[in-house]
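Novice: Now for the letters of each chain:
Protein chains: 2
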Amino acid sequence: MRLILNSPLDMHLHLRDGDMLQHVAKFSAKDFTGALIMPNLVPPITDIPSLLAYKERILDVMGCEQFTPYMSLFFKSDYKADFLERSRDYITAIKLYPSGVTTNSDGGVEQFDVKKLAPIFEAMSELNIPLCVHGETNGFVMDREKEFGAVYECLAVAFPKLTIIMEHITTRSSAELLKRYENLYATITLHHLLITLDDVAGGLLNPHLFCKPIAKRYEDRDALLELALNANKKVMFGSDSAPHPVSKKECCGCAAGIFSAPIALSALAELFEKHDKLTNLQAFVSDNARDIYKLTPIEKTVILEKKEWIVPATFGDVVPMFAKQTLKWQALSQK
Amino acid sequence: MRLILNSPLDMHLHLRDGDMLQHVAKFSAKDFTGALIMPNLVPPITDIPSLLAYKERILDVMGCEQFTPYMSLFFKSDYKADFLERSRDYITAIKLYPSGVTTNSDGGVEQFDVKKLAPIFEAMSELNIPLCVHGETNGFVMDREKEFGAVYECLAVAFPKLTIIMEHITTRSSAELLKRYENLYATITLHHLLITLDDVAGGLLNPHLFCKPIAKRYEDRDALLELALNANKKVMFGSDSAPHPVSKKECCGCAAGIFSAPIALSALAELFEKHDKLTNLQAFVSDNARDIYKLTPIEKTVILEKKEWIVPATFGDVVPMFAKQTLKWQALSQK
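Protein sequence lines, in the order shown, are assigned to chains A and D.
Every position in the first sequence, counted from 1, becomes a number in this note's numbering once 1409 is added.
Every position in the second sequence, counted from 1, becomes a number in this note's numbering once 1409 is added.
Don't read these hints as lab results, they were simulated from the structure.
Warning: the hint list may mix true and false statements.
No copy is singled out in the list; a pair is fine if it fits within one copy or between any two copies.
Stated by the list, open to error - SDA-like cross-link-like pairs, simulated, lysine to any residue; straight-line CA separation at most 25 Å:
id, residue 1, residue 2
1, Lys-1733, Cys-1660
2, Lys-1642, Phe-1530
3, Lys-1703, Asp-1522
4, Lys-1683, Phe-1549
5, Lys-1657, Leu-1613
6, Lys-1464, Glu-1562
7, Lys-1715, Pro-1452
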């Protein structure tokens, strides 16, 4: 059996830089026609020359694969309207991180003062630049996303023309919030459709499933599944694939992030098939993102074949999700 | 400044066996006059010859330290009244593990059928053998202890003469439950008085603070603190110090357990002092346990000196709690 996907998109991807970029980019390039590239490098991408140079480095490692890196800027509270206007043609979105909530977010927004930030959000609304948000407070780890809901509501009401993407949502409360405001959208990762905190810390502790936001409860996962499997128009796939070398995972202070890029489409096909929703996969991994971001990606056909394969234990020094496990679908790229 | 503790007791301790026993026992022997030794070896301690042999191995490594290993049997659902009667003189308690909930609990109780187990609990009541319980269900990791509350209630009501010790409680609900039934008591660890899930998984993932039951919320920790700092007569100190070699902690499937034995008294003194409750430490680390278990431990005076020291990064191949951090009190043993 074969499944044909037209121009799959990964709307939340960490490609890193340097050697890691060289190593991981090909996995996304093989299975996707494009991805929204996260800007939380060290230092973060906050100006257009840096952004274009990073884009160039990404394209350099793509070889002959057709792949569009949709670039994002790292939100700074001192951005000015004229800067945004000049930047408009180079960027697909601006990504906002509250300071300190995840990997390399230290330069993010310290105080979420909507009134102070209003000129930026207004300019983004006018320029049709979507705002992507890592929506967590600095509160208790299981409550951070829910607590951030008030900020999303405030933004959605105050800036009705702003397209707001709730990145990698993990809770039932986010799933419900999303439905209440027209200008709220969301990405959902593969792993948050599959795992709960039990998979991270319920048995032995599994650092390779440790991510931010942390996986939550079964009822949270089920709420995300309901959105994704039914290809709700407000949600789209964003892997949040975030590679770390094994030395940063199996250690004393394990970094947050799950490397899912090489297995994302295979595992999604298996999940959607299991729930008898394979026909909705196209919308979840491509069509919804095109509508939300108003993108016209390069046509690229990705064929998935129903054929078991064993995921390697590592790709280089990065341990992927489903390492050493068997997946039922195999992605074969085709231009 | 000096603080004198009379015969401190650690009423929940894992000493392991073989090389690890050789390595860790001296830390408990230095600071405590005795400890309740957990029976979850591989295989578990389920008969008196094994128990006595294990006790002998423990005493062998104590050298000239005065230290009483109070022995416990691993609860099996096929124990008979006459076996318990013959065992009475050799044991201080019987420890019940639901199957699969923590390290080496695989031989534990599969189906918690109170009616079927009633003859054992009745015999224990008659013989005044306390029942220590690892009170977790196989449910969601944050709910397991709370869910087990119903079992505690059932036991407390059905066997009013049975002394039931809720081991290493971690939740507000357990703290409240404890107060409602006369025959319910509890041990509290050092780490559950200090950390929450935020310390384990809120920033970087810290495998050295990963334990079962997992650390919970701030309100849970505060409820435990209220009991311990006020030396509530129903609670006593049990470190649940559980050493694993670093290779079993900083790895893919990290084992549950925090090694706190070498720093437990120091850190407790610092905590009680911080809350201006130093005068209650004696009851929490000794007197309450004597009353609950009706023990008369060997007199041993442990002196704590207000003198900063830096906790070693490792003791052998085991990483202790507070590794490389400074503690304010130092324990000097004295017979």
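Novice: If a hint holds in the structure, say so; if it does not, say that too.
Specialist: These are the hints, each one checked on the structure:
no.: 1; hint: Lys-1733 / Cys-1660; in the structure: both (20 Å within a copy, 16 Å between copies)
no.: 2; hint: Lys-1642 / Phe-1530; in the structure: within (23 Å within a copy, 58 Å between copies)
no.: 3; hint: Lys-1703 / Asp-1522; in the structure: neither (29 Å within a copy, 59 Å between copies)
no.: 4; hint: Lys-1683 / Phe-1549; in the structure: between (34 Å within a copy, 23 Å between copies)
no.: 5; hint: Lys-1657 / Leu-1613; in the structure: both (18 Å within a copy, 10 Å between copies)
no.: 6; hint: Lys-1464 / Glu-1562; in the structure: neither (33 Å within a copy, 62 Å between copies)
no.: 7; hint: Lys-1715 / Pro-1452; in the structure: neither (42 Å within a copy, 44 Å between copies)
In summary, the numbered hints that this structure violates are 3, 6, 7.
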